[in-house]
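In my numbering, the protein residues as written are 4 to 311.
Please keep in mind that the hints were generated in silico from the structure rather than gathered at the bench.
Wrong hints could be hidden among the right ones.
[Stated by the list, open to error] DSS-like mimics (lysine-lysine), calculated; alpha carbons at most 25 Å apart, straight line:
1) 283 to 264
2) 226 to 138
3) 306 to 295
4) 226 to 264
5) 226 to 291
6) 295 to 264
7) 93 to 138
8) 306 to 226
9) 226 to 207
10) 153 to 138
11) 153 to 132
12) 132 to 53
13) 93 to 152
14) 207 to 283
15) 93 to 153
16) 273 to 291
17) 306 to 291
18) 153 to 207
19) 291 to 264
20) 226 to 287
21) 273 to 283
22) 93 to 132
23) 306 to 207
24) 273 to 226
Quick caveat, the model's predicted, so the values are computed rather than measured.
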Amino acid sequence: MGDIWLRAIGGMGGVLLFWAAVAPLPAQAEEPSNARMASAIEAQFMAWGKNGTLASGDTVTIASRDTVGFESEDLGNPFTDVMTSIFTLKIVTRLPFMGVGERPAQDLRELVSGLQSVCEQTGGTLERKIPPELKGSSPQVNQNLAVLKKASLIGRFTCQSAQEANRFMVEIDYAPAASSTLIPPGWEWGFAARLINATQLQAKDRRASEYAAQIQSVRSNVKPGMETQVLASDLPEELGTPLTRVHRGKLSVCAIVVDVKPPLAQIQVKQASLFVPIDKLLPKGEAKPISKLNAFSTGFPHKWCGQY
């Protein structure tokens, strides 16, 4: 969604809670087709779900229609996207009342090992991107998160392959909270593993390329009177700060071009007129009143701009 923003993208502005409600597994996933069975990673997810437990004895269930958020890593490009996971594994594990639990790491090693095996079998390389921020609901959760992060067991795991059809991405995420239990004594804690397949990754890449082309078109054809938008972070504090308070992410402010003096463009925002580099201008999206924006504003941030 970035990247605690990736957690905060549900509707692109809402907070993606780990235990958000998910719809039942669709019929086409319950009745494997030849195409589905041909996908090694999807078959692996189905096997985990069918088994119902991991080696530790912890339960694992399978569902779908969970969401995964993406944000461009280019600081000047606010492209965002949301996709629905093909499968989502939900794992319920245990923590002791104090100290580091063995079962979370055991469970996630089993998952990551499975991803590694499938990726290598299809000629790929499994790469991991760690989440930029890890924070749980209690010191006990945070202590165990630190251990899992150090062991490279949470984050986004992408199978990079020369064969596009063999690509996949799995986001292994944790539940922010853990609940204490007396029998057995300890804490009950949860994780999710969300699968995005090659077709979805290709579609995302295509949408990102199309938006990058739109950016280039705006910057190559800038002229007075053009409506545009500029990242809040590229504006003076008094203009950008009100929008950045809404929620995290690469949020933009609506603007209009007044004059062009390459490499600068003079823009008007509210009653202010200022020069910015042309390579900071972005395609104009839907204008949304800044006064009405909040942490649950819907839509994709790159498709709208805050209007004073």
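Which numbered hints fail: 2, 6, 9, 12, 18 and 19
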